[in-house]
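*Asks:* Which chain is which? The protein sequence lines are R and W, in order.
Residue numbering for the first sequence follows numbering that gives the first Met the number 0, beginning at 0 and increasing consecutively.
Residue numbering for the second sequence follows numbering that gives the first Met the number 0, beginning at 0 and increasing consecutively.
Don't read these hints as lab results, they were simulated from the structure.
Here a beta-carbon is modelled for each residue, glycine too, at the ideal position from N, C-alpha and C.
Among the hints, a few may not be true.
Selected chain W positions facing chain R (Cβ under 8 Å, derived; list incomplete) [said to hold, decoys possible]:
no.	residue
1	R42
2	D43
3	G62
Some chain R residues well away from chain W (every beta-carbon gap over 12 Å; in silico) [to be verified]:
no.	residue
4	W56
5	A65
6	S134
7	L239
8	E272
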Amino acid sequence: MPKTMLTVATRKGAFILESDDRRDWKVRGPYCEGWPVYHAIYDPTTGEIYAAAASEWHGSAVWRSADLGETWEMSSEGLTYGDEDGRKISKVSTLARAGDRLLVGVEAPGIFESRDNGKTWSLLSTLSGQHGSESWDDPANQPPGHLGISGFVTDHGDSDSFFAIVQGIGAFETEDGGSSWTPRNKGLRRDWPADYEDVGFCVHKLVRSSDPQRMYQQNHVGMHRSDDAGQSWTEITEGLPGDFGFAAAVHPHDTETFYVIPVDGGHGRTMHEGKATVWRTRDAGSSWQPMRSGLPQENAHLGVLRQAMTIDTHDTPGVYFGTSTGQLFASADEGETWTELAGYLPGISSVDVAVLD
Amino acid sequence: MADVRLPGTLTPLFPGLPRRVEVEAATVLAAIDSLETRWPGLRDRLVGEGPSLRSHIHAYVDGERAGLDTPVADRSRLDVIAAISGG
Chain R
0 MPKTMLTVAT RKGAFILESD DRRDWKVRGP YCEGWPVYHA IYDPTTGEIY AAAASEWHGS
60 AVWRSADLGE TWEMSSEGLT YGDEDGRKIS KVSTLARAGD RLLVGVEAPG IFESRDNGKT
120 WSLLSTLSGQ HGSESWDDPA NQPPGHLGIS GFVTDHGDSD SFFAIVQGIG AFETEDGGSS
180 WTPRNKGLRR DWPADYEDVG FCVHKLVRSS DPQRMYQQNH VGMHRSDDAG QSWTEITEGL
240 PGDFGFAAAV HPHDTETFYV IPVDGGHGRT MHEGKATVWR TRDAGSSWQP MRSGLPQENA
300 HLGVLRQAMT IDTHDTPGVY FGTSTGQLFA SADEGETWTE LAGYLPGISS VDVAVLD
Chain W
0 MADVRLPGTL TPLFPGLPRR VEVEAATVLA AIDSLETRWP GLRDRLVGEG PSLRSHIHAY
60 VDGERAGLDT PVADRSRLDV IAAISGG
């Protein structure tokens, strides 16, 4: 079996876990000098690991490792709105590979790109001109921890077509490398008033199946499915214990199978009833099954952030999730049974998996 | 030459950067820019948009709280502190 590698971003640096059989795992780290890391990914295009990090002292930067985490460099060259703009980069939130672009989403909302694999950066787009941008482009509306680009959906081979999520606003798609954008929020639910019909939605996580027409999302209010590449959405919450959550993952070989981790939508934002549970649908959201075997079922008040669940590409895929209190769980059988890989990591922001030949 | 003292969180980021270094500079910003020429990327770790010192980076010239444009004399001591955050 080829090696499986997890890249785990935490509030105190990045960690690497490796296994040849998905039973015994070796943990390495912390890396990135213990900086808070918000999203870390293995990039199959270059074989490098990238980590979006933001130190409270030393600002935001993207760390990169060309040797699977043994050594690291960092750069923020060009990762700025400039001295005159008024907006500040308070955090780099998320990373993705799109063709020859390496993308990073930041707070205040903006997308920067690197064409040299993270050594230098330039501003690609703030989605200026979109409905709502008059608010998110206003430096006065930049409270720390809110309103950033919180996620991408990309095709590793396509530089120009990708989705970006503006926190609290919605999902947008570009087909020309960020020059123009189209809101992709039709059919989503919202339980609050909004100034515009096409934006004002709270998209937490967007994932695309092996069929690009089939997408799923975890929203602030409800799980949703799209059968037309995000042009319209249908709610599929019924059967779940709640409509709120962050993490989501789609099966790599089966477009009908999708995983979510509902959490309480109030202040707690932990799993319902203190029972750690991953919910799985095998029929594109028509029905849901709780996956609990091996997960703690008493006093397990665990939260999982939006980038903190992933799934590998083995024939029988493994599912992985990390909690905001530092537990890392894995299933090597599509969610049927679970084991704890690590119990005392720092709070986990993201989990990424790669199968290395 | 001003006597610059740097925070311990900075030195692991730049190979060869000592905690204590001497620079020829007229202001705090000029001192940081002088270090930038020797350790590219260092300025961005201390200075954000504006430019302004990052919010949890404090500078002191001869024991007095300083900003980026505070003058630095030939024999000044410039302390750069990583303050307040952590935990």
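*Asks:* All hints, please: hold or fail.
*Replies:* Cross-check of the supplied hints:
no.	hint	verdict
1	R42	10 Å, violated
2	D43	5 Å, holds
3	G62	21 Å, violated
4	W56	4 Å, violated
5	A65	16 Å, holds
6	S134	20 Å, holds
7	L239	35 Å, holds
8	E272	31 Å, holds
In summary, the numbered hints that this structure violates are 1, 3, 4.
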